[in-house]
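Chemist: Here are the chains, one letter per residue:
There are 2 protein chains.
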Amino acid sequence: MPVNRKGYRGRALDLLKNTGVNVGDTITVVCDNTEQTGIVMPRYEHANDDVHIVLKLKSGYNVGIIVDAIDRITTVDVADAVSVDPATPTPTPTPTTMTPEPAQTDAKQITTKKRILLLSTGGTIASRIDYRTGAVTPVLSADDLQEAVPELGMIADIDPKVVISEYSENIIPEHWLQLAQSILEHTDASTNQGARYAGVIVAHGTDTMHYTSAFLSFALAKYPIPIVLVGAQRSSDRASSDAATNLIGAARFITRHGGRGTYIVMHEDTSDDVVACHIGTRVRKNHTSRRDAFKTIGQAKPAFTISDDVITSNHPVAASSTSVSVTNTNTNTQETVGAIRFEPRVALDEKVALVKYHPGFGSDILEHIINTGYRAIILEGTGLGHVGRTAYTQIRRAVARGIFVGMTSQCIDGRVRMTVYESGRDLADMGVVPLNNMIPEVALVKAMWAAGNASDADGIKKIMLKNIASEMT
Amino acid sequence: MPVNRKGYRGRALDLLKNTGVNVGDTITVVCDNTEQTGIVMPRYEHANDDVHIVLKLKSGYNVGIIVDAIDRITTVDVADAVSVDPATPTPTPTPTTMTPEPAQTDAKQITTKKRILLLSTGGTIASRIDYRTGAVTPVLSADDLQEAVPELGMIADIDPKVVISEYSENIIPEHWLQLAQSILEHTDASTNQGARYAGVIVAHGTDTMHYTSAFLSFALAKYPIPIVLVGAQRSSDRASSDAATNLIGAARFITRHGGRGTYIVMHEDTSDDVVACHIGTRVRKNHTSRRDAFKTIGQAKPAFTISDDVITSNHPVAASSTSVSVTNTNTNTQETVGAIRFEPRVALDEKVALVKYHPGFGSDILEHIINTGYRAIILEGTGLGHVGRTAYTQIRRAVARGIFVGMTSQCIDGRVRMTVYESGRDLADMGVVPLNNMIPEVALVKAMWAAGNASDADGIKKIMLKNIASEMT
Chain A
2 MPVNRKGYRG RALDLLKNTG VNVGDTITVV CDNTEQTGIV MPRYEHANDD
52 VHIVLKLKSG YNVGIIVDAI DRITTVDVAD AVSVDPATPT PTPTPTTMTP
102 EPAQTDAKQI TTKKRILLLS TGGTIASRID YRTGAVTPVL SADDLQEAVP
152 ELGMIADIDP KVVISEYSEN IIPEHWLQLA QSILEHTDAS TNQGARYAGV
202 IVAHGTDTMH YTSAFLSFAL AKYPIPIVLV GAQRSSDRAS SDAATNLIGA
252 ARFITRHGGR GTYIVMHEDT SDDVVACHIG TRVRKNHTSR RDAFKTIGQA
302 KPAFTISDDV ITSNHPVAAS STSVSVTNTN TNTQETVGAI RFEPRVALDE
352 KVALVKYHPG FGSDILEHII NTGYRAIILE GTGLGHVGRT AYTQIRRAVA
402 RGIFVGMTSQ CIDGRVRMTV YESGRDLADM GVVPLNNMIP EVALVKAMWA
452 AGNASDADGI KKIMLKNIAS EMT
Chain B
2 MPVNRKGYRG RALDLLKNTG VNVGDTITVV CDNTEQTGIV MPRYEHANDD
52 VHIVLKLKSG YNVGIIVDAI DRITTVDVAD AVSVDPATPT PTPTPTTMTP
102 EPAQTDAKQI TTKKRILLLS TGGTIASRID YRTGAVTPVL SADDLQEAVP
152 ELGMIADIDP KVVISEYSEN IIPEHWLQLA QSILEHTDAS TNQGARYAGV
202 IVAHGTDTMH YTSAFLSFAL AKYPIPIVLV GAQRSSDRAS SDAATNLIGA
252 ARFITRHGGR GTYIVMHEDT SDDVVACHIG TRVRKNHTSR RDAFKTIGQA
302 KPAFTISDDV ITSNHPVAAS STSVSVTNTN TNTQETVGAI RFEPRVALDE
352 KVALVKYHPG FGSDILEHII NTGYRAIILE GTGLGHVGRT AYTQIRRAVA
402 RGIFVGMTSQ CIDGRVRMTV YESGRDLADM GVVPLNNMIP EVALVKAMWA
452 AGNASDADGI KKIMLKNIAS EMT
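Chains as they are written, first to last, in the working numbering: chain A, 2 to 474; chain B, 2 to 474.
If you are wondering where the hints come from, they were derived from the structure by calculation, not from laboratory data.
The reader is advised that the hints may include incorrect statements.
You can't tell identical chains apart in this list, so a pair holds if it fits in one copy or across any two.
[What the hints assert, rightly or not] In silico lysine to aspartate or glutamate, DMTMM-like type, Cα no more than 25 Å apart, as pairs:
hint: 1; residue 1: K162; residue 2: E423
hint: 2; residue 1: K352; residue 2: D158
hint: 3; residue 1: K352; residue 2: E368
hint: 4; residue 1: K462; residue 2: D309
hint: 5; residue 1: K302; residue 2: E186
hint: 6; residue 1: K7; residue 2: E344
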């Protein structure tokens, strides 16, 4: 058995050596008459910490245990290096502390283990915490990530690749194109019908993960294999990290459910028991720090919930997202495309502005947008889709200049309805296009994508009004 | 008894005449072997509808009943004109279909009925529906409103006044000043300690009601009597209008609870049983059409819930909002003001921009804002309070130019924390000020108010970081 005590030093390293324990082993530690059983994790911290060993518990939590407090260590199961190395698909014994995939109990099925492409883009999920300062920096590669979550290797063979290394606040639309191209190149699913991979996991920062999922939903609509974005609100090496649970949930969704569509998989609630799988165009980060920050908008539940190996479909919208028909945006015809056909449209034009209206909104900002080459404006109006009269002149001018103007609501939830009140009717008369219950951020991304696939405002309008990937429900 | 069949015509009018029923009477109507008991409501519709009579049920719902379907009408209680006319405060008999205010059962207490100032600004709550088209137009005055909800007169003596007649998407900051001045003038509470009125109800459109409540929270912080904004998602004359329930809830909150602070009272859920009373700086319109569209941010429950005559305080933040200390914004000193002292600061400067960052955000928009005299920028950053590197140059320039730059999160819920990630630390180093868990819209309004009360960015910063009206919790 190879020696692996990655990242350990000083007294913590001494303890592992003296007890013959390696990273990946499952051990039971007795401290203060309480037992904790978990997998020994590698250390990644910048801090010169030599007094803790880190265990990943069955709950998914990592705990740091002080060496001096340990009364006894018992090895429950010895790590099998093969289980974290997808290049050597030999059957591995099932560690007692992991929930086994039922398929694994049948030895013959090991050879049919599915393959998943794991693309890393950076973000907290691929970060390490500095325990001295609490600061987090992006340093984990896709390989490190896979090693940090050895359970992944039991669910599927994972091929890790690094595409980008950025926190998601620094992700720009160019990265979206890069990511879409990377998925197309590596999976080659347009010709092979996804035979090479069962699906793609994209490890992504959470700040703008829903913008990226919206873009992939449109650019790779009807892609033959599922694309699942996964983030973490706590870095992968940290106690209480949600990275492992979310990654495992994503892998299970791909191997057990599959189907077309782009999804985001994150914690369903503050427990570690259930992860949520959201439609990529119907989800939003609604809390700055909670592990269940991502919420499906307009439904009490996400499309799917994944609890251990049970995947529950919560509402019919999930089905429609896997079989919507699309517009041919090159010709702007409303042809109906069969359920199998996929045609990537990896293009965009960034010249789209998202404008949130409010009392005292300076219409000089709209004026600037009109005069500087923007091709579309997504209004975050008030209520059912309104802006005040003070912005009417600029909105008329925008439409006259051939700029697409679409209306969403800053309420976030609920439908835009521009027939009920005078303001809505006035705006509709001016040519403002109501975008139903499209989430403002999704409307922005869709408009960038539409502007990249159409030559004028009419073309953009046709694409905006067509339901491509369940963005309107 | 005076004849009042306001708005009725044709066969509906004939029926009322033949049965001797007037608007305001409580009647039981038998149709198809089912009984419905309610108060006969005046008609306001534009439609030439002469075949319905409208009853307000005990639930608060209005129902339209087709004249031809009515088998029998029994008068349960005859309207007493006095009960809806605050100028003649004679005791009125208690109609059997209304939940009586306990105080009303003691005849002597009638003479001590509290007074409420009802200010109307327009909005759905003061609107009529055209049943032919479903369109809603603003035509009800504050007097009409009071007449449409006769129960109000049983809770308090209502003095109605029209201040503005605008749907709230057309409310501009100048209206906020007008409204604050109107409250100061009519209640004169700064000298009389609120003796004249127990509180103020402001009937307001829902689209921007939370912006107005934020302004009043700051400009009239520590006002001796409660200011309660009330809206409706369905117009007052409409079946299923929420106007009556919300107005009655507001009046009950004022007469039974009182205390300082600006609040918003709206439906707590989709039932008509409970209304929510939200802190005016911690609330947001989160749905385009639901009657329970307004939600307290950062808490599962609003500050108070009002069910019939029971008022429940749900969390301690409510208490703090009635006794926070304020900064003297004229001198920018951090003096502690006693619980009683009130000093209005009815001023603002509109030159504040709300900027929502997103991937592909055009920093040319920030450039425009910097160059056109804006005094403050409220960023709606991503996650814990970030923007991408592509906006750094402009943010540095804004701070250098003496523009206050504050950070909130587009997640809406949760705290901004700019120490965890590199991006946050970079932005803090540039001088961007984290605004804790202030809601972006509230931060915008507060910055306008702060800019009206301070001469430079440092002065604005001091005000922004001081908790004035529970805007940070």
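Chemist: None of the hints should be skipped; say for each whether it holds.
Modeler: Here's how the hints hold up against the structure:
1. K162 <-> E423: Answer is between; shortest inter-copy Cα gap is 24 Å, intra-copy 54 Å.
2. K352 <-> D158: Neither. Shortest intra-copy (40 Å) and inter-copy (56 Å) distances fail the 25 Å Cα cut-off.
3. K352 <-> E368: The answer is both: 15 Å in one copy and 16 Å across copies each meet 25 Å.
4. K462 <-> D309: neither (43 Å within a copy, 49 Å between copies)
5. K302 <-> E186: For K302 and E186, the Cα distance exceeds 25 Å both inside one copy (34 Å) and across copies (49 Å).
6. K7 <-> E344: Close neither inside one copy (44 Å) nor across copies (63 Å); limit 25 Å.
Hints 2, 4, 5, 6 from the list above are not met by this structure, while the remaining hints are.
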